[in-house]
Amino acid sequence: MATHHTSDYQTGELKSRDLSYPSGGGISYKEVNEDVVRTMTQTGKWYYLALAGAVSGFLAFWILPWAYQIYKGQGVSGLNTPDFWGIYLTNFVFWIGISHSGTLLSAILFITKTPWRRSIYRSAEAMTFFSVATAAVFIFVHMGRPWNFYWTMPYPNQRQLWLNFQSPLMFDVFAISTYATSSMIFLYFGSIPDLAAVRDRVTGWRKQVYSALALGWRGTDSEWHWLFKAYTFFAVFIIPLAVSVHSIVSWDFALSKVPGLAKTIFAPYFVVGAIYSGSAGIVTLMVIFRKAMKIEKYITLNHFDKLGMLLLVMSLLWSYINVVEVFTGWYANTSAENETLIYRMFTTPYAYMFWLMIFTNTILPLLFIFKKCRTSILACVVVSLGINVGMWLERYLILTTSLPRKFLPYMWHDYIPSWVEISMTLGSFCFFAMLFLLFVKLWPSVSIYEVKEDIGIPMRKGGGHH
Amino acid sequence: MDKAVLGLFTYADELLDAAKRLEGSGYDITIFSPIPLGHEIEHKLGPRKNHIKYFTFIGSVAGLFFGLLLTLGTAAMYVLPRGGRPIWSITPTLLMSYETTILIGVFFTLASFLFFSKLPSFSRKIYDPVINVDSFGLLIDGNLRGKYDEVERILRDHGANEIKRVEETEYNS
Numbered sequence: 050m051a052t053h054h055t056s057d058y059q060t061g062e063l064k065s066r067d068l069s070y071p072s073g074g075g076i077s078y079k080e081v082n083e084d085v086v087r088t089m090t091q092t093g094k095w096y097y098l099a100l101a102g103a104v105s106g107f108l109a110f111w112i113l114p115w116a117y118q119i120y121k122g123q124g125v126s127g128l129n130t131p132d133f134w135g136i137y138l139t140n141f142v143f144w145i146g147i148s149h150s151g152t153l154l155s156a157i158l159f160i161t162k163t164p165w166r167r168s169i170y171r172s173a174e175a176m177t178f179f180s181v182a183t184a185a186v187f188i189f190v191h192m193g194r195p196w197n198f199y200w201t202m203p204y205p206n207q208r209q210l211w212l213n214f215q216s217p218l219m220f221d222v223f224a225i226s227t228y229a230t231s232s233m234i235f236l237y238f239g240s241i242p243d244l245a246a247v248r249d250r251v252t253g254w255r256k257q258v259y260s261a262l263a264l265g266w267r268g269t270d271s272e273w274h275w276l277f278k279a280y281t282f283f284a285v286f287i288i289p290l291a292v293s294v295h296s297i298v299s300w301d302f303a304l305s306k307v308p309g310l311a312k313t314i315f316a317p318y319f320v321v322g323a324i325y326s327g328s329a330g331i332v333t334l335m336v337i338f339r340k341a342m343k344i345e346k347y348i349t350l351n352h353f354d355k356l357g358m359l360l361l362v363m364s365l366l367w368s369y370i371n372v373v374e375v376f377t378g379w380y381a382n383t384s385a386e387n388e389t390l391i392y393r394m395f396t397t398p399y400a401y402m403f404w405l406m407i408f409t410n411t412i413l414p415l416l417f418i419f420k421k422c423r424t425s426i427l428a429c430v431v432v433s434l435g436i437n438v439g440m441w442l443e444r445y446l447i448l449t450t451s452l453p454r455k456f457l458p459y460m461w462h463d464y465i466p467s468w469v470e471i472s473m474t475l476g477s478f479c480f481f482a483m484l485f486l487l488f489v490k491l492w493p494s495v496s497i498y499e500v501k502e503d504i505g506i507p508m509r510k511g512g513g514h515h
Numbered sequence: 217m218d219k220a221v222l223g224l225f226t227y228a229d230e231l232l233d234a235a236k237r238l239e240g241s242g243y244d245i246t247i248f249s250p251i252p253l254g255h256e257i258e259h260k261l262g263p264r265k266n267h268i269k270y271f272t273f274i275g276s277v278a279g280l281f282f283g284l285l286l287t288l289g290t291a292a293m294y295v296l297p298r299g300g301r302p303i304w305s306i307t308p309t310l311l312m313s314y315e316t317t318i319l320i321g322v323f324f325t326l327a328s329f330l331f332f333s334k335l336p337s338f339s340r341k342i343y344d345p346v347i348n349v350d351s352f353g354l355l356i357d358g359n360l361r362g363k364y365d366e367v368e369r370i371l372r373d374h375g376a377n378e379i380k381r382v383e384e385t386e387y388n389s
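Going down the list, the protein sequences come from chains G and A. Read left to right, the first sequence gives residues 50 to 515 (this note's numbering). Read left to right, the second sequence gives residues 217 to 389 (this note's numbering).
The hints are simulated quantities; they were obtained by calculation from the structure and are not laboratory data. Model, not experiment: these values are computed from the prediction. A few of these clues could be false.
[As the list claims (entries may be wrong)] Computed from the model, here is a short list of chain A residues facing chain G with C-beta under 7 Å:
1. Leu224
2. Asp229
3. Ser241
4. Ile245
5. Ile247
6. Asn266
7. Thr272
8. Tyr294
9. Val295
10. Gly300
11. Leu319
12. Phe329
Glycine included, C-beta positions come from ideal geometry on N, C-alpha and C.
If we strip away everything but chain A, and leave its shape as in the complex, we get (with noise of 0.2 Å):
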């Protein structure tokens, strides 16, 4: 089985650049971080997409007819004569509706959270424990054969200060 290849870089900047360098040559790369580097990537290797939006909406219209739903369709089911109050009351049912519409919000911001970004995964993979701690990684995967003293300089050049070749059977949590 071919191995990927891991570089640590102490500096964020080398990182990215080294990132830049291998993605322009066709390779499929990971970059590993401590800490989010979601605008200096994107500034270097241009705009992600946020598709966690269209869910987040969604769920939100999704939770205002289910508490419309709940309130209005139990009342008409079960009707309670409150003093000659309205069996169909607006107030309350916008209230309860408004918390129902955040509810069900949150949990499709969760769930689509959870799909994205392919978590929970128990499953080995590729990681070294001093990513969470103060070095930054790019994982070089895919067809390497032939590839790896190329992909090795780069990293070389741009200031890795480790390099290694990894399986997935090395996952280490």
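Same shape as in the complex, but just chain G (with noise of 0.2 Å):
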């Protein structure tokens, strides 16, 4: 029987080990190769319709009514007193937590050396760069004036004026900056053998394009050997730094004084949400990129399974963290917060949104505890789907049930989106697929030395060869 050895990694000994990759079927160092550079050399006319149908989408939705919005002024938005944070700023939240579980899982799973990470890491980082990206985008469309944003960064100026660090929004300029600085880098230098191997296999201008990315990656020991001990210092970085990022937006509502917005919890609630929805958005692209892309030995029923079970733990956590958000709040029994509560869970068409939520982010992953569902592909694309419907509800309610009843009853008002609101968040989805299209025809998306890992190391003593 053909066999392949993989290193113990604390002791570095040799072991043999059964040649099937997990998707069950034996694979060759060369097919990985072939396929996947085959994702980015052979293009059908699905993709170009997806394609067109994502910046005509992104086009339409997100840049034509911003446009209006900053030729009109932020007026034809639904902002106004008392909640000047609406949706955009729901959408900045739901896509920067949609950013946390590519960069972080992978580091995670880099750590601990968790061989399921491999064949879907690539992605799931390329996601948290293209999420963050958009979350990013929400604030310039959100400031009203967005070609002031240069007055946010830190640097001697005429107008003589420096920076208020005290404020959270300030903290978020530079954790969210450095956050899309170390993801790009965790990106790019995780990718470059596969690069070098891509500028191996194609010709013309993608040739030029690809030496240049390699940087002239020739796969020596040396090379190897120290971008294994960087690569582990990002991933390192990158554990507390995810964790900081999300628990600073939450520090955005927190450090507030608004009823429903003040609580402790929300560093902890933020980070677990941001995990949360981010493992399900990785689930529901995978179902798409697998199929798309036709790489399903590669991306299996296994990896589905394992973040099933990550998902269901997800849920568990943050339903307990849901659960004393509101009990703590009703225990408190201030009138304020009393009615911050009544109005989000009891009001229309609050209410709706929030036991909808409740619905999708606890009781329908509940569905995970069978292996049955977390390997049907049908029940991965439903719950995943549910939950990111379900956390962007819990945006949304947070940040429109808590400004519009603050503590002076005559200033309450209620918060309803415009039509420049709504489109634009649809756009903000289409802004995101084109970048994800145009990425898996750009970049290698499946790692192929870490499959190749995964594969196994041929070994000439205890078998043949793969």
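Now that you have both chains on their own, put them together as the hints suggest.
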């Protein structure tokens, strides 16, 4: 029987193991190269249709309404006293949340040497970067005068003004720009060996582009050694960074005194919610990605089984924190807190949203107790989409049921989003889809060398070859 | 100009045996592989140092001080009174410094990786594209005049399925 060997990470000793890839079938190293390069070079009409749809949607639903808003002013949105945050900030938090699983999960699974990470992490990391980009654009949308964004950058200037570093919004600027930069570095440097593999297989303009991107990588033991050491440090940095980013996003709200927002539990609540929605995002994306790119043998039902378990755990954690959030407010029994809770949980239309959120985020994921559901593509799609609908509603409810019910009843005013805001929300999904579609054609979206590691190291002693 | 010898192997254990044998005989060797063989190489040829950690540490400490200087320094130079709150506030200072610690630490790690791995490198070097697919390579470089036959015999004895005499101009990327 053909055997491969894998090394014990602690002792460095070589151990033989069964050749079979998690998908069940033996895959050769050469096949991995060919399959991944094929996803980049062979393009069907469905890809172009999808890309055209995403680009059109991005232009029609996001760019045009945004141009209209810039021309007419922020008044065309539903933002008004007392709720100046509304859907724009909902989308910002939602997309930051989606970003939280890709790189964070990849880093955690890398540090813990979890094998099932290897074929999904590249596209998950890309998902992180693109969702951070989408979230960042919502800050500009929400600014009203986006051309003044450079006022948030610390540099000596003629205005003789420096930033107020005590504002949570400045924490955001630093945390998100650090996260976006680190995620991009993590994604790029982990891809260098694969960019070199692509460089060796393509011709024409692609050859030039990938030769530059691969930085002259040859696969020497020295290059691997330093890459592995640096990559480990990147992973170690990413984990606390990701936790800090969503904690800081939560403090945009929790450092206020507004009932419904001023909660000490918000930081862990947001971090758990972010990992939860991000993991669900990975599941949805992987279902589409593996089918469209015909790479079912790399992203297998085993991956969905593991991700399903993760979603189940995150669902229970999220539900627990949600219960704590509601019950501490209820136990405090102050009129302002009670009003916010009643407004959110028992007043239409928010009550429908709240109980739908509880259904999709607490009840529906319980299906994943059963392995049959975790390994069913249909169940994975339904549950993961449901979770992200629920997580979007969670952020919407946080922002639209607290600010409109602050301490003074004469200021109460219901928030109703305008068509401009709803359109840009749809447009953000098109923007994300456009970026991801471009990514799968321009970047090796499955890690070639790590899938090969998963297949095993070919050894003469103990058997044949893959 | 002397040529180097590149042996291509199908099996990693044979490559490592050949590498150990040639290194023991005093030849300069470079191992090529399509996947990281770090643990296997260290197991066979001995542990290697990790200098990157010092740069990461220095970068992180520099980032911490940069964050402190940025927040406390600018607060002192451009005083913004806010309803009796302290000008030098500990919590936001630590938060900003936390982020800059990570950011500068990442930059230093990145720079040290590029420095030690000698990347980017676009000059012509010995390389064979099959290495990035499914072959392991062992390059023997240096003054090989009069020793080619011995080197090639060792490679062949250890299972090399292809042996080439190559020059740097044959770099193919």
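A quick look at each hint next to the structure:
no. : hint   : in the structure
1   : Leu224 : violated, 12 Å
2   : Asp229 : holds, 5 Å
3   : Ser241 : violated, 18 Å
4   : Ile245 : violated, 9 Å
5   : Ile247 : holds, 4 Å
6   : Asn266 : holds, 5 Å
7   : Thr272 : holds, 5 Å
8   : Tyr294 : holds, 4 Å
9   : Val295 : violated, 10 Å
10  : Gly300 : violated, 13 Å
11  : Leu319 : holds, 4 Å
12  : Phe329 : holds, 4 Å
Comparing the model with each numbered hint stated earlier shows that hints 1, 3, 4, 9, 10 do not hold.
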